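Trainee: Starting from the known structure of chain A, fit chains B and C onto it as the hints suggest.
Protein chains in written order, with our numbering: chain A, 1 to 232; chain B, 1 to 211; chain C, 1 to 199.
No wet-lab data here; the hints were simulated from the structure. Keep in mind it's a predicted model, so treat the numbers as computed, not measured. No incorrect hints appear here.
Some chain C residues near chain A, calculated using beta-carbon distances under 10 Å:
(1) Glu-77
(2) Ala-80
(3) Gly-111
(4) Thr-113
(5) Leu-117
(6) Leu-118
(7) Glu-141
For every residue, glycine included, the Cβ atom is placed at its ideal position computed from N, Cα and C.
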Amino acid sequence: MGDVEQQTPQGRLARVWRWAIDRPLRQVVTGIGLFLLLLTAPFGGWAKAPATATGPERFAVGKPMTLGPLELTVDRASWNTDPSNTFGPSKVGAYLLVIGHLRNSSNAMVPVGVMKDHLRLTGLTNVLASMDVTDPKENPVPPDKADYTLYNAPDTTVLSSVAPGLTYEVAYVFEVKGTTLPDRVTVDTFGYTWRKSSLDQTEMWLDRTPVGTVTVPLHEGVKHSHAPTSTP
Amino acid sequence: MTAWLRGNRWGLALVIPALLLALAANSLRLQLFWWTYKPHVATSGVQGKPVHFAEDFDDFDGHWHRALDLTVTSVTTVAAPRDPDGKPIDDARTPAEAQWVKVSMHVAASPTAVLFGCRLSLLDASGRETEYTDGNLVDSDYLPISPCIPDAHQGPVSGGPKAQGDAVEAGPRPAAYDVDAYVLTARGFRPTAVRLQWTPPRYVQIALPTT
Amino acid sequence: MTSIASRIPVRSRVGTGILIVAALSLGRVVTDHMPGQDRHERPFTTAAKVGQTVHLRTGDVVVTKVDGGKAIATPIEADASPGLWVAIDFTWTPRADTSVLGYKVVRTTTGDTYDSLLGRNVSFCGNSIPGLPESCRMAVEMPPDRMPGAVVDIAPVFDSPGYDSLATVDLGITDETVKKWQARTDVVKIPMNTVGTGS
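Same shape as in the complex, but just chain A (with noise of 0.2 Å):
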């Protein structure tokens, strides 16, 4: 159909429209390429990922690792069969301190999932699960299944979660089954990213991911005083 050519936006367009399948068809090709390239922008384009992190690092005692929102420094590691008045003494071993310093740097007090997860044992064939259960139908496991239980050392009171902006001394108590260990331990601590999740579009810590292992030396600690302390 022969088209009357105007000099109209129409006819403009037409004659464009013309030309461009007139073109060869190498051409065309790599024009609609370019087209649909051009497309992917209004979507996003062809941003970068953003890079995965990479393996554990090694941290000397003393050192601060950030663990999501957690920077734990590990001081000191010690053990005895009955090191605090508030658990008693160990009926199937002893106990298994880790110390240090665990600070929250992020503004709402640290989810339970990150604050049972971020550090582990290695090495160690005789942990308990944890220092309730002691049954020896479910120990010993192996280090990275035994759970501790964290401690404010001063006043002996469980962390479940901490606060924003304050920096605890702390405990990570395990239990051993008898009273034989090494004279170091290594400790993985583990680090969460706070994104999206894809389960229900809100945003939390996840994806654990090694951050750092640290190595201390092991000692017999102090039983605790017998002697009465006062009551609030």
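Mentor: Just chains B and C, lined up with the frame of chain A:
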């Protein structure tokens, strides 16, 4: 316009039933997540007359049936609660903003019926509900956990054979008994109904005489 | 028989394509600029001072006292904080049936939140008797330098208070208050919640 209507008359006629069907299909969620968890199925009665209440229920031992004849004999405001032996609880330290309401009931039920775990509440004319609890004010040693059973012989805690056996050993609950429940309410709360329930959605509601 | 597609002029097919892409792009721009989840889920907030009663959806609340110190003692536990404790007394009167006061969070001027239900923080409040006031207590530990200007957010629900009513009460903490609390050597005693407004 009329031509279009005529051409599509069957489709139009089916729109309404289709809509209703869609709504009904979605209401499965209402049933699954809401209806069974709130009191919606009432057995009603009035003060002074026995009301028969029966329901099936599940507990950790299995599937059972409970039935009782409940009569609310009186609902009065009292100065202080009494313990199950009838002794006034003097150190209740009732605050000025509160009052005690005594609900006297007569219950007839098979000694094997599981009545433990009943929840008693008082409703007023504006629909406010005050629940009985043993923990509010008085040392919980004084007030019973379940206000609809005699404290000394409570009967079985579940339908299973062990619980039934324990109840027989402890002394079976009488087939008919009187019991008083003391409910702490706000001062000036005027109950218009007594509600007793175990598992939602079923419950029994006794209307009180309006004075 | 020519296909339907070949009977529509190329010009209008391209035009349709361009319009579709334009519509999708516009849609993307609009969605990016819509108010976020936070805004359309925001609670209905009433600001108040200590001593002022706030009418929440399910009852009335009034903060009656604000105290603080390095250590607290409840009937359950004694806690010494590396920071400072702020102990808040308030009265809660449910209006309708069985409702409790679930959300009690101290918030600083920089947006840090201290939830009374988490960690060693204290939350004693459980009454749900309509019309009967209850003396409730809560305490949270926090860094002393974030205390001035802090408020407590109180709402009837347990999770986030979105869509619901919320009382934001200024705790009236100044630098002088913080200094006074830091100098305390005695323990702040926090009794259990009790029915009624008497002691």
